[in-house]
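Undergrad: Residue numbers (my numbering), protein chains in the order written: chain A, 1 to 223; chain B, 1 to 223; chain C, 1 to 223; chain D, 1 to 223.
It is worth saying that the hints were derived from the structure and are not from the lab.
Mixed in with the good hints, there may be bad ones.
No distinction is drawn between identical chains; accordingly, a pair holds when it is met within one copy or between any pair of copies.
Okay, derived cross-link-like pairs now, SDA-like style, lysine to any residue, Cα gap no bigger than 20 Å in a straight line [to be verified]:
#1 Lys10 x Val123
#2 Lys10 x Trp218
#3 Lys10 x Ala211
#4 Lys10 x Trp150
#5 Lys10 x Arg82
#6 Lys10 x Pro195
#7 Lys84 x Ile94
#8 Lys10 x Leu210
#9 Lys10 x Leu114
#10 Lys84 x Asp41
#11 Lys84 x Ile117
#12 Lys84 x Asp197
So you can see what is in the structure, the chains are spelled out below.
4 protein chains.
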Amino acid sequence: MPAIPLSLAKRASVEFAGASVLLMAIVGSGIMGERLAGGNDAIALLANSIATGAVLVALLLAFGEVSGAHFNPLVTLSGAFRQKFPWRETPAYIGAQVVGAFSGVALANVMFGLPVILTSHHVRTGWTQWIAEAVATAGLLTVIACSVRWRPSATPFAVAGYVTAAYWFFPSTSFANPAVTLSRSITDTFSGIRPTDVPAFLVAQCAGALAATAFLGWILNDE
Amino acid sequence: MPAIPLSLAKRASVEFAGASVLLMAIVGSGIMGERLAGGNDAIALLANSIATGAVLVALLLAFGEVSGAHFNPLVTLSGAFRQKFPWRETPAYIGAQVVGAFSGVALANVMFGLPVILTSHHVRTGWTQWIAEAVATAGLLTVIACSVRWRPSATPFAVAGYVTAAYWFFPSTSFANPAVTLSRSITDTFSGIRPTDVPAFLVAQCAGALAATAFLGWILNDE
Amino acid sequence: MPAIPLSLAKRASVEFAGASVLLMAIVGSGIMGERLAGGNDAIALLANSIATGAVLVALLLAFGEVSGAHFNPLVTLSGAFRQKFPWRETPAYIGAQVVGAFSGVALANVMFGLPVILTSHHVRTGWTQWIAEAVATAGLLTVIACSVRWRPSATPFAVAGYVTAAYWFFPSTSFANPAVTLSRSITDTFSGIRPTDVPAFLVAQCAGALAATAFLGWILNDE
Amino acid sequence: MPAIPLSLAKRASVEFAGASVLLMAIVGSGIMGERLAGGNDAIALLANSIATGAVLVALLLAFGEVSGAHFNPLVTLSGAFRQKFPWRETPAYIGAQVVGAFSGVALANVMFGLPVILTSHHVRTGWTQWIAEAVATAGLLTVIACSVRWRPSATPFAVAGYVTAAYWFFPSTSFANPAVTLSRSITDTFSGIRPTDVPAFLVAQCAGALAATAFLGWILNDE
Numbered sequence: 001m002p003a004i005p006l007s008l009a010k011r012a013s014v015e016f017a018g019a020s021v022l023l024m025a026i027v028g029s030g031i032m033g034e035r036l037a038g039g040n041d042a043i044a045l046l047a048n049s050i051a052t053g054a055v056l057v058a059l060l061l062a063f064g065e066v067s068g069a070h071f072n073p074l075v076t077l078s079g080a081f082r083q084k085f086p087w088r089e090t091p092a093y094i095g096a097q098v099v100g101a102f103s104g105v106a107l108a109n110v111m112f113g114l115p116v117i118l119t120s121h122h123v124r125t126g127w128t129q130w131i132a133e134a135v136a137t138a139g140l141l142t143v144i145a146c147s148v149r150w151r152p153s154a155t156p157f158a159v160a161g162y163v164t165a166a167y168w169f170f171p172s173t174s175f176a177n178p179a180v181t182l183s184r185s186i187t188d189t190f191s192g193i194r195p196t197d198v199p200a201f202l203v204a205q206c207a208g209a210l211a212a213t214a215f216l217g218w219i220l221n222d223e
Numbered sequence: 001m002p003a004i005p006l007s008l009a010k011r012a013s014v015e016f017a018g019a020s021v022l023l024m025a026i027v028g029s030g031i032m033g034e035r036l037a038g039g040n041d042a043i044a045l046l047a048n049s050i051a052t053g054a055v056l057v058a059l060l061l062a063f064g065e066v067s068g069a070h071f072n073p074l075v076t077l078s079g080a081f082r083q084k085f086p087w088r089e090t091p092a093y094i095g096a097q098v099v100g101a102f103s104g105v106a107l108a109n110v111m112f113g114l115p116v117i118l119t120s121h122h123v124r125t126g127w128t129q130w131i132a133e134a135v136a137t138a139g140l141l142t143v144i145a146c147s148v149r150w151r152p153s154a155t156p157f158a159v160a161g162y163v164t165a166a167y168w169f170f171p172s173t174s175f176a177n178p179a180v181t182l183s184r185s186i187t188d189t190f191s192g193i194r195p196t197d198v199p200a201f202l203v204a205q206c207a208g209a210l211a212a213t214a215f216l217g218w219i220l221n222d223e
Numbered sequence: 001m002p003a004i005p006l007s008l009a010k011r012a013s014v015e016f017a018g019a020s021v022l023l024m025a026i027v028g029s030g031i032m033g034e035r036l037a038g039g040n041d042a043i044a045l046l047a048n049s050i051a052t053g054a055v056l057v058a059l060l061l062a063f064g065e066v067s068g069a070h071f072n073p074l075v076t077l078s079g080a081f082r083q084k085f086p087w088r089e090t091p092a093y094i095g096a097q098v099v100g101a102f103s104g105v106a107l108a109n110v111m112f113g114l115p116v117i118l119t120s121h122h123v124r125t126g127w128t129q130w131i132a133e134a135v136a137t138a139g140l141l142t143v144i145a146c147s148v149r150w151r152p153s154a155t156p157f158a159v160a161g162y163v164t165a166a167y168w169f170f171p172s173t174s175f176a177n178p179a180v181t182l183s184r185s186i187t188d189t190f191s192g193i194r195p196t197d198v199p200a201f202l203v204a205q206c207a208g209a210l211a212a213t214a215f216l217g218w219i220l221n222d223e
Numbered sequence: 001m002p003a004i005p006l007s008l009a010k011r012a013s014v015e016f017a018g019a020s021v022l023l024m025a026i027v028g029s030g031i032m033g034e035r036l037a038g039g040n041d042a043i044a045l046l047a048n049s050i051a052t053g054a055v056l057v058a059l060l061l062a063f064g065e066v067s068g069a070h071f072n073p074l075v076t077l078s079g080a081f082r083q084k085f086p087w088r089e090t091p092a093y094i095g096a097q098v099v100g101a102f103s104g105v106a107l108a109n110v111m112f113g114l115p116v117i118l119t120s121h122h123v124r125t126g127w128t129q130w131i132a133e134a135v136a137t138a139g140l141l142t143v144i145a146c147s148v149r150w151r152p153s154a155t156p157f158a159v160a161g162y163v164t165a166a167y168w169f170f171p172s173t174s175f176a177n178p179a180v181t182l183s184r185s186i187t188d189t190f191s192g193i194r195p196t197d198v199p200a201f202l203v204a205q206c207a208g209a210l211a212a213t214a215f216l217g218w219i220l221n222d223e
């Protein structure tokens with residue numbers, strides 16, 4: 001996380017805008033992919049994963065030097081735990097991320113002619129999915145922290161690469177982000193998640209984040 | 001936008017050539033994708049979006065240091081409004097972009113055995129599409145300006161990532177460029193747009209560009 | 001291979017974690033791709049190759065400066081032969097890679113609801129596959145060594161590009177890595193390999209590695 | 001084209017190896033794509049174009065600082081005309097490229113269980129294809145020369161982006177390389193070309209190269 005000269009208002013605005021566009025991309029490309037793919041879910045997921053990775057490259061390159069481009073409460077919190085991000089700014093960041101994420105999903109719904117808010121019926125539950133969310137979140141935080149530490153200018157590509165791949169090798173398609181998880185409950189489309197399945201996902205993600213934070217404390221503590 | 005030592009004639013020629021190849025790629029890959037995809041529009045759009053993103057990486061890396069590689073009148077105008085580009089050069093740039101775009105579409109038509117100019121019948125209208133064009137244009141200009149400001153050498157990847165993704169999460173497939181919009185009216189293929197639908201797209205794009213320019217004036221004005 | 005300040009325990013842990021995630025990605029995306037692709041193996045392989053390349057970008061950027069990010073016993077051994085890596089550390093590295101790879105395959109099996117270990121019945125044998133493995137391994141080691149020598153910071157993209165492509169132009173889909181080969185024998189899915197076919201693959205890979213090491217000794221010996 | 005300290009023998013060997021792997025990738029991924037795609041040529045071309053772009057990233061990053069990574073006689077000749085490459089070395093370079101290309105096609109044939117040499121029956125002829133080859137070659141040389149001049153370290157991504165896209169927007173799928181064109185006549189598969197169609201392709205490519213060389217002489221002559 002580089003030197004950050006901008007005001008908190010500007011940085012929180014960028015977290016809001018970034019999370020909003022990220023969710024627009026996740027949900028919108030899911031809708032478009034499913035509508036066009038003629039029932040072949042692999043093609044829809046290919047579109048979904050490529051669009052998400054591509055927009056992450058754009059958002060992280062554009063906003064990385066502005067706000068750090070977290071777009072994920074667990075990235076913010078893990079940074080605070082490892083003393084890389086000030087605790088006093090975490091509420092503004094997390095608030096902006098969550099509100100931004102919901103606004104992005106709502107706008108995607110509207111742009112594709114659906115109600116602004118529509119409760120998802122997409123079932124995502126069970127031990128295999130919870131294991132997946134824990135591992136996926138631990139992997140994401142590890143990739144972010146290590147690339148920020150050793151290859152900061154290439155971090156956008158590391159994160160985008162991880163997320164694009166993670167769609168495919170985690171049976172949950174890898175949410176790994178509480179703001180993403182919460183907000184995807186209000187779209188009844190390809191990328192939605194049933195509200196009753198959200199809490200367990202959040203618990204699994206927090207467990208993964210704790211494990212990663214401990215691992216990173218050991219690996220990165222080399223000074 | 002880096003130091004630009006070349007003559008206006010050379011730079012405008014590069015804007016012409018770049019816009020021409022960009023439109024060749026958009027229209028040509030749409031034709032090829034649709035012809036080969038056997039009716040599966042998701043596969044055609046995958047080809048279309050990957051080809052457009054890939055050619056943008058090439059064009060922006062090759063020509064970014066020559067002309068700034070705008071290829072988009074709203075990028076040029078937004079730069080002029082924010083005093084990053086001289087107003088007196090905007091007519092030459094915009095003229096070259098528009099003429100280049102039309103020449104690229106015409107050449108794509110010819111190369112794929114179609115008449116040079118063929119009025120599109122592809123309907124693209126309605127509030128959801130106009131909202132999409134406004135948001136897509138605002139997002140594009142924001143990504144460009146922020147990455148040019150903080151990560152100039154990586155701007156080609158930010159722009160290509162954004163455009164590749166935007167095909168999928170905007171129901172209009174994201175034109176976000178008046179030169180692109182105007183010229184795609186003369187191809188009656190996958191990526192065409194009905195001439196009567198063009199004016200509303202241009203209005204929406206300008207609205208998005210204005211919003212982005214205001215937002216950028218606030219975010220980037222940190223000195 | 002850059003200056004490596006971390007302890008061997010930390011570096012071997014990273015080799016373990018990286019090999020584990022790499023195999024999760026290879027095997028998991030193979031399972032997900034095959035399940036969703038509706039019988040079209042080209043779409044499944046597209047998902048498989050893109051996911052593998054994308055996760056390699058992430059892992060190599062995140063861990064390249066930590067452990068060198070070998071994740072492959074032949075990369076470690078070829079480095080030792082060319083005096084770029086200390087022989088005394090090869091057992092820890094190779095052990096971590098092999099155990100990590102098996103753990104990744106086992107976890108992928110579990111996450112997708114399969115038994116932890118399931119013997120593969122995927123036949124991969126014959127002279128054409130053995131030639132492919134020898135050539136693929138020689139190419140991989142050459143790409144790694146040359147990019148590490150001349151373009152170290154871009155090595156992750158070179159390796160990911162090579163591996164993504166190699167899925168498609170080698171009839172074996174390019175294993176090119178003994179840890180990958182051994183561990184893929186315990187998953188009876190898209191990316192598995194029958195245990196009886198493993199030894200010949202290992203021999204072919206070693207032959208390719210020897211050829212590459214000789215070639216590299218000639219090309220790189222320019223001081 | 002950076003400072004080149006290696007002997008001509010080493011550099012020509014690298015041109016041979018690079019052209020060989022490039023053609024293996026083009027022809028091999030075409031065969032694999034077609035075999036797996038179940039008759040959907042768009043999926044086969046997606047595999048073909050992604051594999052070619054990905055292997056180019058690898059080869060150009062690995063070998064760019066060794067030999068310049070031309071792999072294309074017209075790149076070598078255009079460089080010689082613009083006094084960026086010594087004329088006396090052009091025979092060795094072009095010879096290595098052509099022999100390497102043929103060896104790569106032959107090896108791809110063998111690895112996929114086909115005769116070493118098999119005359120192609122893939123018809124590629126007519127004015128639209130010849131226009132495409134001229135434009136595609138001019139575009140390729142322009143992208144290479146401009147990115148080498150202004151963004152040398154990013155040239156591999158510019159070239160790979162251009163080639164990946166060009167598969168889709170040129171009806172010939174863009175050969176743009178005499179070594180590639182000649183050697184693809186000996187494989188009767190997806191990416192083959194009928195020998196009688198080769199000469200016109202070569203003429204068109206040379207015409208495009210001449211136009212590009214003249215354009216580049218004007219644009220790049222800014223000192």
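Undergrad: Determine for every hint whether it applies to the structure shown.
TA: Going down the list of hints, with the structure as the test:
1. In the homo-oligomer, the alpha carbons of Lys10 and Val123 never lie at most 20 Å apart, since the shortest distance is 37 Å inside one protomer and 39 Å across protomers.
2. Taking CA atoms no more than 20 Å apart as the test, Lys10 paired with Trp218 passes between copies only; the shortest distance there is 8 Å, against 33 Å inside one copy.
3. For a Cα distance limit of 20 Å, the shortest separation of Lys10 from Ala211 across copies, 16 Å, qualifies, whereas the shortest one inside one copy, 32 Å, does not.
4. When the C-alpha separation of Lys10 and Trp150 is checked against a cutoff of 20 Å, the pair qualifies only between copies, where the shortest distance is 15 Å, while the shortest distance within a copy is 27 Å.
5. Proximity of Lys10 to Arg82 under the C-alpha cut-off of 20 Å is restricted to the inter-copy arrangement: shortest distance 18 Å between copies versus 24 Å within a copy.
6. In this assembly of identical chains, Lys10 and Pro195 lie within 20 Å of each other by CA distance neither inside one copy nor across copies; the values are 32 Å within and 40 Å between.
7. In the homo-oligomer, the alpha carbons of Lys84 and Ile94 lie at most 20 Å apart inside one protomer (16 Å), although the nearest pairing across protomers, at 34 Å, exceeds that limit.
8. Within a single copy, Lys10 and Leu210 get their C-alpha atoms only as close as 29 Å, which misses the 20 Å cut-off; across copies the closest is 19 Å, which meets it.
9. When the C-alpha separation of Lys10 and Leu114 is checked against a cutoff of 20 Å, the pair qualifies neither within a copy, at 31 Å, nor between copies, at 48 Å.
10. In this assembly of identical chains, Lys84 and Asp41 lie within 20 Å of each other by CA distance neither inside one copy nor across copies; the values are 40 Å within and 45 Å between.
11. For a Cα distance limit of 20 Å, the shortest separation of Lys84 from Ile117 qualifies neither inside one copy, at 36 Å, nor across copies, at 41 Å.
12. Proximity of Lys84 and Asp197 under a CA criterion of 20 Å is satisfied in neither setting, with 32 Å inside one chain copy and 49 Å between copies.
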